Amino acid sequence: MNRSILLLVIVLILSLAAACGPAALIGGATPVDDAAQSEPEALPQEPDATLPELEADQLEEIAMKRVGGEGYGFFDIPENWVNFFDPQTAGEDNVIQFSDILGQNIITVRYMPATPDLATPEEMLGAVAEYMASMGGDGITGARVDLNGIDALQVYGFFQYDGTSMVVWGFASDGGTLHQIVAEGPIEGAIGTILDTVNYLESSFALES
6 MNRSILLLVI
16 VLILSLAAAC
26 GPAALIGGAT
36 PVDDAAQSEP
46 EALPQEPDAT
56 LPELEADQLE
66 EIAMKRVGGE
76 GYGFFDIPEN
86 WVNFFDPQTA
96 GEDNVIQFSD
106 ILGQNIITVR
116 YMPATPDLAT
126 PEEMLGAVAE
136 YMASMGGDGI
146 TGARVDLNGI
156 DALQVYGFFQ
166 YDGTSMVVWG
176 FASDGGTLHQ
186 IVAEGPIEGA
196 IGTILDTVNY
206 LESSFALES
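Mapping of the sequence shown onto my numbering: residues 6 to 214, in sequence order.
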């Protein structure tokens with residue numbers, strides 16, 4: 006199972022925890038009593054830390070298309086990107102995924118109602134940071150960023166063992182709906198890198214079309 010699938014499963018488990026009982030499950034942990042349950046770790050605090058930005062002359066002129074939907078938000082991706090089919094999320098109505106033709110660069114977007122166990126973007130991204138650490142991530146950093154005009158939290162980390170990176174944004178919209186956007190891809194790649202994918206999202210994402 007790839008990291009993006011595992012991350013979706015973790016968040017789904019967290020969002021269902023309120024219906025199943027007071028204990029939140031992270032990474033398949035056994036439920037524990039509230040008294041013994043520790044508070045989620047705070048995000049690494051480096052407010053000024055961001056991924057390197059691409060210079061204008063580094064961006065290729067490529068044809069783009071706008072994708073997304075109500076609830077998820079809308080964003081631009083290369084015209085030759087495709088829907089990424091994930092059997093683990095088949096039947097769910099709150100997850101959409103897209104990838105390049107090789108399935109190396111992947112964008113996953115989901116939204117969910119806030120619950121007592123997962124009530125804020127800080128809690129959601131705190132769980133993401135713990136997950137990245139459990140998967141051997143390096144340089145895990147949290148920051149507050151501008152997601153094309155949206156005030157969002159961000160966590161990113163690098164996985165040296167396979168040369169990839171994962172970048173996750175989280176924010177809450179009106180009504181308390183939590184939004185999570187995940188970009189995953191190689192640090193270096195022949196048909197695109199994680200920085201390309203980050204640029205697509207940070208330059209085009211919007212909740213309205």
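To be clear, the hints were calculated from the coordinates, so they are not data collected in a lab.
Everything numeric in this text was worked out from a predicted model, so none of it was measured.
Some clues are possibly wrong.
Here are the simulated distance ranges between beta carbons [to be verified]:
hint, residue 1, residue 2, range
1, Leu107, Arg71, 33 to 41 Å
2, Asp179, Asp151, 16 to 24 Å
3, Ala138, Gly168, 17 to 25 Å
C-beta atoms are modelled at their ideal positions from N, C-alpha and C, and glycine is treated no differently.
To see whether the hints hold, each was checked on the structure:
1. Leu107 / Arg71: 33 to 41 Å: violated, 22 Å
2. Asp179 / Asp151: 16 to 24 Å: Given range 16 to 24 Å: holds, Cβ gap about 19 Å.
3. Ala138 / Gly168: 17 to 25 Å: Check passed, 18 Å falls within 17 to 25 Å.
This entry does not satisfy hint 1, going by the numbered hints stated previously; all others are met.
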